[in-house]
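Residue numbers (our numbering), protein chains in the order written: chain A, 1 to 222; chain B, 1 to 390.
Calculated directly from the structure, the hints in this document are not laboratory data.
Heads up, a few of these hints could be off.
So the derived list for chain A, only partly shown, Cβ under 10 Å to chain B, looks like this [to be verified]: (1) Ala22; (2) Arg45; (3) Gly107; (4) Leu159; (5) Arg163; (6) Val206; (7) Tyr210.
Using N, Cα and C, we set each Cβ at its ideal position, and we do this for glycine too.
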Amino acid sequence: MADHDRLFFTRWVLFLLVANEASGLPKVSRERLHALLFMSFASSRYYAIEPLRQRARRTPQGPYYRQAHVALGGLVLGGMVSVEDFKAHPAARDLQFEGLFRPTMKGVEVARVMRETITGGRLYRFLLDMCLAAAAVTEHVEVGEQAAGELDRILDADLTYRRAVARFGDSLELQDSSDARTPTVEGLSTIQERLDMQGAYNRKDVVAAYQALLLRRSAMVA
Amino acid sequence: MTSSDGTENNISEAELQTLQSVEAAPSGEPALRFIQRCQEWFEKWLEANKHPLDANAIPATQILLFVFSETPDLERPARFSALGTEYKRFFAGAHAQDTQGVILSNENFVKAYRLRTSLVSMEDAFDLVSSHLEDDDAFVIAQLSQRRMLYHLPGGRIDDWCADPVSYESRLSEDPLSADRIEADVFEFHENSLKFAKNQIAKMVWVGKDQPYKLLPSPEQRIQSYLFLYLNASYKHLKGTVDEEVVGKGGRADIRVVWNSLPGAPYQPLTSTMLELKVLAEGRGLTYHRDWVTSGIKQADDYRRRDSEAVYTCVFDGRKDQTDQMPDLDVLATNKNVRLRRYLMEAPVNSAAVAATKAAKSSAKQIGVKSKKITKKAAKKPAKKAAAAK
Numbered sequence: 001m002a003d004h005d006r007l008f009f010t011r012w013v014l015f016l017l018v019a020n021e022a023s024g025l026p027k028v029s030r031e032r033l034h035a036l037l038f039m040s041f042a043s044s045r046y047y048a049i050e051p052l053r054q055r056a057r058r059t060p061q062g063p064y065y066r067q068a069h070v071a072l073g074g075l076v077l078g079g080m081v082s083v084e085d086f087k088a089h090p091a092a093r094d095l096q097f098e099g100l101f102r103p104t105m106k107g108v109e110v111a112r113v114m115r116e117t118i119t120g121g122r123l124y125r126f127l128l129d130m131c132l133a134a135a136a137v138t139e140h141v142e143v144g145e146q147a148a149g150e151l152d153r154i155l156d157a158d159l160t161y162r163r164a165v166a167r168f169g170d171s172l173e174l175q176d177s178s179d180a181r182t183p184t185v186e187g188l189s190t191i192q193e194r195l196d197m198q199g200a201y202n203r204k205d206v207v208a209a210y211q212a213l214l215l216r217r218s219a220m221v222a
Numbered sequence: 001m002t003s004s005d006g007t008e009n010n011i012s013e014a015e016l017q018t019l020q021s022v023e024a025a026p027s028g029e030p031a032l033r034f035i036q037r038c039q040e041w042f043e044k045w046l047e048a049n050k051h052p053l054d055a056n057a058i059p060a061t062q063i064l065l066f067v068f069s070e071t072p073d074l075e076r077p078a079r080f081s082a083l084g085t086e087y088k089r090f091f092a093g094a095h096a097q098d099t100q101g102v103i104l105s106n107e108n109f110v111k112a113y114r115l116r117t118s119l120v121s122m123e124d125a126f127d128l129v130s131s132h133l134e135d136d137d138a139f140v141i142a143q144l145s146q147r148r149m150l151y152h153l154p155g156g157r158i159d160d161w162c163a164d165p166v167s168y169e170s171r172l173s174e175d176p177l178s179a180d181r182i183e184a185d186v187f188e189f190h191e192n193s194l195k196f197a198k199n200q201i202a203k204m205v206w207v208g209k210d211q212p213y214k215l216l217p218s219p220e221q222r223i224q225s226y227l228f229l230y231l232n233a234s235y236k237h238l239k240g241t242v243d244e245e246v247v248g249k250g251g252r253a254d255i256r257v258v259w260n261s262l263p264g265a266p267y268q269p270l271t272s273t274m275l276e277l278k279v280l281a282e283g284r285g286l287t288y289h290r291d292w293v294t295s296g297i298k299q300a301d302d303y304r305r306r307d308s309e310a311v312y313t314c315v316f317d318g319r320k321d322q323t324d325q326m327p328d329l330d331v332l333a334t335n336k337n338v339r340l341r342r343y344l345m346e347a348p349v350n351s352a353a354v355a356a357t358k359a360a361k362s363s364a365k366q367i368g369v370k371s372k373k374i375t376k377k378a379a380k381k382p383a384k385k386a387a388a389a390k
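Chain A with its partners taken away, still in its complex shape (with noise of 0.2 Å):
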């Protein structure tokens, strides 16, 4: 992996950690961090942004990004985020570790700097948008435990990430390299044609329609 694909992936779990922040979404843990990464790079044409080309494993844990746990590392051990309930996660491969994370203010303070050129300013408008999403639709739960349950049920219930499971493999694949558009943006792009019909609407509410119709589909299986 060149220096600098590692380098974007460390700005996009940067990004992501501050837009979770910014929206007041619950301290994100190790598994949904790697859960939020998957959905991002499943909607991310979504916003006309190349994702990155990762292959997530399949862990017990839900999906694994070996890169996004260097990134995570990286920024943990340079003061950009801090990690409270610390524990190392036994894993026959890789050396992981659990907790929540969150970014520190020195995070908050790099991201705005990286925030100020055209790619870093579109890429964290997206990804605050899809936390803003979350956040609108979890919005009535008041307890923040019951919050991220509900972001986590989205987030397993995800198009791309169902299809991706229901695959028998290591790896949980974003998309069949003849495909075009993942059913993540499939789903934006139908839900989108139709609010279009009904008022003038911007994509982070596309996005939220896309995270409530989720959750109830979660709600119907359990």
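Could you slot chain B onto chain A? The hints should help.
Chain B alone, transformed into the frame defined by chain A:
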């Protein structure tokens, strides 16, 4: 389509039906969205506390200061500790009758904290923002007994704002809407708030007398934010959104307003109006300005929805010389069925410098010297004097 685990990969028609209740969230940049949240909160508080308000049971000292922080938990110790020493969660949904004090909040009010229980007076609130906040901060001061809400968006100088704060005038008319009415509102907004340098919002758009004819960065978005809040305050049933997709794209700033059509109206079930805003700034040539307005006309045309009663290109003219209004572009606009509207803006200028410039011009004419060099020098000297006197 059903995947092998039994879940649908596509969204069903039944699921799409549930989208009818979807409402657009506050739009624009985070600080503008925060102000919209405050606006919503303020309206709901007024509604929830109508009886005590009518009975004059809300004391005049019940003052509220909302301050925007992207990440309150992290920024409070670093930036906002001077605003208060408490840190109690604030429940926006309660709309409690005795709500007051200083609230630090993120943009969607999920992380909102009370830093101070009360403020003594409006002066107290002004003193706090003037002493401890910066020009790039967004905040709201509400004097609830007076149904009065003042707001500050990032960029405008706080000292200027304190001298003449921008107020949110809640009108929420239920009258029937039309493109002409919206157009009249834009006209009124310009007449009352932006036309003259002394106007409230003009002070939040121009740099100031020290740098005449210079606008603050991103003037289109700046005007867009104030105009959007103004329109939002005007009508109860107006669904307005700032188009976030075009933010940062070549100075584009669009406002979309949509309303439910009355029975028999030509567009059903909704009618919309699109506003494309363009600012003409001093320092660019006529060709540039012509291209800028032309692009605005084309963008407004592209932006038309099937239910658009009208689309507008609103040109806010901040040039020093506003004599050439490019009347030929009206033909282009008419051909595209775009309503081209012009709004002149008077720039803040140092009156001493202007007087000196006029005097120098007149003297140059008398003695037959080229006026260009003399006016420049003459204009600089009084400006320096004025600056030294401050």
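| said: Checking each numbered hint in turn, tell me which of them this model violates, lowest number first. | reply: 2
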